[in-house]
Amino acid sequence: MDRSFGTSFFLSDIFIQGEVLHYQGGSPVLFEHLFWFLGHPEVYIVLLPALGIASEVISTNARKPIFGYRAMVGSILAIAFLSTIVWGHHMFITGMNPFLGSVFTFTTLLIAIPSAVKAFNYITTIWKGNIQFNPGMLFAIGLVSTFITGGLTGIILGDSALDINLHDTYFVVAHFHLVMGISALYGLFAGVYHWYPRMFGRMMNKNLGYIHFWITAISAYGVFFPMHFVGMAGLPRRYYTNTNFPYFDDVANINVVITLFALLAGAAQLVFLYNFISSMFYGKKSIMNPWRSNTLEWTAPIKHMHGNWPGKIPHVFRWPYDYSKPGSKDDFIPQNVPLKKGEKELQH
Amino acid sequence: MAQKNNRRAKIVGTDIEVDITEKKDVIIESHDEDHEHDHHHKETFITKYIFSIDHKMISKQYLITGLIMGIVGIAMSLLFRLQLAWPEESFGVFDVLLGKWATDGVMDPNVYLALVTIHGTIMVFFVLTAGLSGTFSNLLIPLQIGARDMASGFLNMISYWLFFISSAIMIASLFVEAGPAAAGWTIYPPLSALPQAQPGSAAGMTLWLVSMAFFIASSLLAALNYIVTVLNLRTEGMTMTRLPLTVWAFLVTAIIGVVFSSIIICRSITNYG
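From first to last, the protein sequence lines stand for chains A and B. Residue numbers for the first sequence follow the working numbering, so the first one is 1 and each next one is one higher. Residue numbers for the second sequence follow the working numbering, so the first one is 349 and each next one is one higher.
In isolation and in its complexed conformation, chain A is listed as follows (with noise of 0.2 Å):
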């Protein structure tokens, strides 16, 4: 409206090339409300759908039932609530009250807590596990890592305080393409790798899988982990061009590197493209349940057709993540396997 109807929600006092325009009232500060009350659900929007592949994708190739279940679901929940809350830790520099600044720095850093306890139980899920590290699996750790080292990131910029100096810089850049850009596109990469017998019958290439992981994660963190120096050197985002500026020539060599890694990190989603494609006419015949895995996606026929089971549909006895269960002759039990007579469905 503010276009096309001269209404002046987020203008006001605006001059243009000498001329007054007739805006008044309007707070662009009111947009940036608006745009973050969604923007940071957004973050998450992304992020969640990716570490739910995670959860599946690495508790199926460590052989291992996932560490904490409820609290898994817990931190889901909680993260989804706080993410709410947090709106303004991206408008700290815009004139805000210290004190509410404050406030959304406790808000901000609460995140820490359900976050933390993903990463731990991904960690603990791992740990002793008889891991099968096929692409989807490395890319699942690879959302692991990067979730991490991001995130770390997250807990500065969220400080009210320290924010002042980078707000804007590159170090936010780096931060937000590590904590939500890679781990989401690795979830993405995951899932793909993971479902693709599921979604056409095939199975991708697994040694162009290792290419395209090893050169990708290799290549991300050669954009990402330099660009944080960058920005702590203060070089602000989105300028066209930093050569008019003396103070910035020291980074203008790192800013080659990231280019050149950036470079690479293209060159590798090629080879994914190529693998994804050709696989569909040419890659092996997948059987039924490749993985081993126990969710009830395995238990439907490869055919396309409407209605994803022939007959009745599976009943559930289980929790999926039965894997290596003492007792059990094989390290996975799918969830339409009935309990066995004296059998205790654990509790999770």
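Hints listed in this document are in silico derivations from the structure and should not be mistaken for laboratory results. C-beta atoms are modelled at their ideal positions from N, C-alpha and C, and glycine is treated no differently. Take the hints with a grain of salt, since some may be wrong.
Each pair of labels, with its calculated beta carbon distance range [said to hold, decoys possible]:
1. B:532 to A:95: 50 to 60 Å
2. A:303 to B:438: 33 to 43 Å
3. A:22 to B:445: 38 to 48 Å
4. A:97 to B:436: 37 to 47 Å
5. B:437 to A:225: 23 to 33 Å
6. B:454 to A:29: 32 to 42 Å
7. A:27 to B:512: 29 to 39 Å
8. B:423 to A:29: 31 to 41 Å
9. B:436 to A:164: 25 to 35 Å
10. B:441 to A:274: 18 to 28 Å
11. B:395 to A:281: 19 to 29 Å
12. B:444 to A:168: 52 to 62 Å
With chain A fixed as given, assemble chain B onto it according to the hints.
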């Protein structure tokens, strides 16, 4: 998707039986012993691959659209990284891809801002929201909870096609005369609110806002579908504490999406009108 043979079915987790004779697009799971589903409707190419109401096909549509958008988004980041590493150098690839916005192969400052903006928008919304959540929520929710499809296959199809339209508009915005939106993915005013603020604030910004309105409509429909499916269509024995953590994550994500979609719609309207 209709169930033609059954007249009555039991709602999972309850003792309630309902008449489903007239239900055309809602699946209610039944575990009657003699139950047989008639899910083998004759499909055409169009109904199977284009306007499909099958959640598995829709998940593939989300994935492939998300990957295509991802290629565009990543390519943009490589272009502006070249500019940052070797500022104002001439590159043949700029000449080829950016045309009039790269005179003699040197990137124009306005298009640099546009690339940063659209890269952020595409990666956050089109790849990591729709491409990730759309793909795996669609694929896994019905399969992992033991449902035959989403609560409404039709809404699911509409949701994907709104996402597709949204993607098409965002891509189209790259080709308008004055250039695409260039206010950053956060589109703060005044750059987003004043059409004369910068070249990208004109038609490019308008298309950005229209595209996002379609995107949020798509997300809203999808999220409502996911929530209803998880809450109502779980198979027998699939209690909430037996749900895979993937489904928990998708459910909570959908709830956040429903609650906060209204905010971005409101913002787009007040900004655009």
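Non-conforming hints, listed in increasing numerical order: Numbers 1, 2 and 12 - these are the hints that the structure violates, sorted from lowest upward.
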